[in-house]
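Student: So the chains spell out like this:
2 protein chains.
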Amino acid sequence: MDANGLFEQIKKKRSYLCIGLDTDYSRIPRILMDKEYPLYEFNKQIIDQTHDLVVAYKPNLAFYESMGAAGWVNLELTVQYIREQYPDIYLIADAKRGDIGNTSKMYARAFFQHMDFDAITVAPYMGEDSVKPFLEFENKWIILLALTSNPGSEDFQMTELKGSNSKLFQTVLSTTSQWGNPDNMMYVVGATQASMLDEVRKLVPNHFLLVPGIGAQGGSLADVSRAGLNERGGLLVNSSRAIIFADPTDQFARVARVKATEVQAEMEQLLIEKRIISAK
Amino acid sequence: MDANGLFEQIKKKRSYLCIGLDTDYSRIPRILMDKEYPLYEFNKQIIDQTHDLVVAYKPNLAFYESMGAAGWVNLELTVQYIREQYPDIYLIADAKRGDIGNTSKMYARAFFQHMDFDAITVAPYMGEDSVKPFLEFENKWIILLALTSNPGSEDFQMTELKGSNSKLFQTVLSTTSQWGNPDNMMYVVGATQASMLDEVRKLVPNHFLLVPGIGAQGGSLADVSRAGLNERGGLLVNSSRAIIFADPTDQFARVARVKATEVQAEMEQLLIEKRIISAK
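So the sequence lines, in the order shown, correspond to chains A and B.
189 is the number that the working numbering gives to position 189 of the first sequence; each next residue is one higher, with no gaps.
29 is the number that the working numbering gives to position 29 of the second sequence; each next residue is one higher, with no gaps.
In isolation and in its complexed conformation, chain A is listed as follows (with noise of 0.2 Å):
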């Protein structure tokens, strides 16, 4: 899928919603704990009930391989699943991976081949050639850590580099920008920085952007609506926990379609607003 196969798909569904698979086996209700597969067992439920209101799923990473190779059999299924049954879904490995070149190169063989994944979070650290082997692959993804959501975010991403007017996350986007084009480069901007969401926009107008951070870590989907989406869309943004963990009974993926609906709605007005669609 390029950005503009996103953006066809962000005007069908009226919704930019990306619901995050973060799911930890201690959330889960207890009658799908049993299972040979919980955590597949969970998403499928969570899948069923939210796949016409959502434009990408994003499995992370940690919560799978926290239980090892069963962990990873989980998400498997879980990939298989989604391709199977709802191919249009644009499906993100939030797993934060980035290493030397013939490394990046393996994780990509992991996430791409392997796995059916669109796209794959990194971390910028490493530079240019542990970015690179991911763009090798045909309508695959990279979303690129810019700024982050976290209060860590602080610590370097907003330090000010010499003879520049630029903190370091602003370098991160203008100089890997160039790596790329906007068919197979993302940004994850957190929702916590809203307020910085114009900074980027002036850097990377016409990029994709990722932001966490809604919900469960307190960002305001308008606020960041408002500063972040463009002409073609240009904005996906997650919730994890506030939608797949809003109820701990069997219920879950029920009141799961009702928050995922409420942020549905919002987002068409926003959509609406923006003239990117019409109202119906």
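The hints are simulated quantities; they were obtained by calculation from the structure and are not laboratory data.
There's no promise every hint is true.
Any copy will do: because identical chains look the same in the list, a pair fits if it lies in one copy or spans two.
Unchecked claim - Result set (DMTMM-like, lysine to aspartate or glutamate): computed pairs, CA atoms no more than 20 Å apart in a straight line:
(1) K167 / E128
(2) K11 / E231
(3) K167 / E154
(4) K132 / E154
(5) K202 / D223
(6) K162 / E136
(7) K105 / D24
(8) K44 / E76
(9) K44 / D247
(10) K259 / D24
(11) K11 / E262
(12) K140 / E76
(13) K13 / E128
(14) K105 / D34
(15) K13 / D88
(16) K35 / D198
(17) K140 / D118
Starting from the known structure of chain A, fit chain B onto it as the hints suggest.
Tutor: Frame of chain A, contents of chain B only:
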């Protein structure tokens, strides 16, 4: 294992060698490819032939993940084998993880609880709350990327910061060294940057450094060791491909031992030169 335990191992083995288990399926001998656990079978032979020459092994996660869940099974078997057969080995997950707090905690569980690694490599870009969850596990270490051995280390790590005479990697060292201590934090410093090791030692005189880039990536062991060794050892030098893939036939493990012995012998001389151990 704490820093003192590592130092004891260095003195006992007269070595500070870490062998990187970058076990690339496409490079293992054909005879192993059809086994049920090919990466594990390869690793087991390497380990049996080299365990007395090394202080540490460092599986590189990407090579296991490129085979998905099955690759993780090979990794889990490798970790289990080392723990059972050679309990004194220091075991590093070269995973380059790091995410917001609740996610880093799940990664820590994956590598410190589900598997019994001693240490995990972590990227610093997301700051303090992405690093601290790893430090909450007793006797476990974080190995933070400071200055890497690849060309892309120039892109951001070497960037000069405003209001100080400091490059980003130097600020990463001085800032993060306050978050832990020399018993639970170590730094990755690339061997291709031997000239920078003096700079690194000014900022973190007491921390262990993990130096990749010897061998296939081309750094000089003597230069790195003279600049990096401190009176408590303070150095692990990694070699991966130059040892494990020195021979492509079913004699690979025997040849790996020859190569590892060469490196160990040079290290022994350097430890004697530095008066860390006595000549025999």
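Student: Which numbered conditions among the earlier hints are violated in the structure presented, ordered from lowest to highest?
Tutor: The structure conflicts with hints 6, 13, 14, 16, although it agrees with all the remaining ones.
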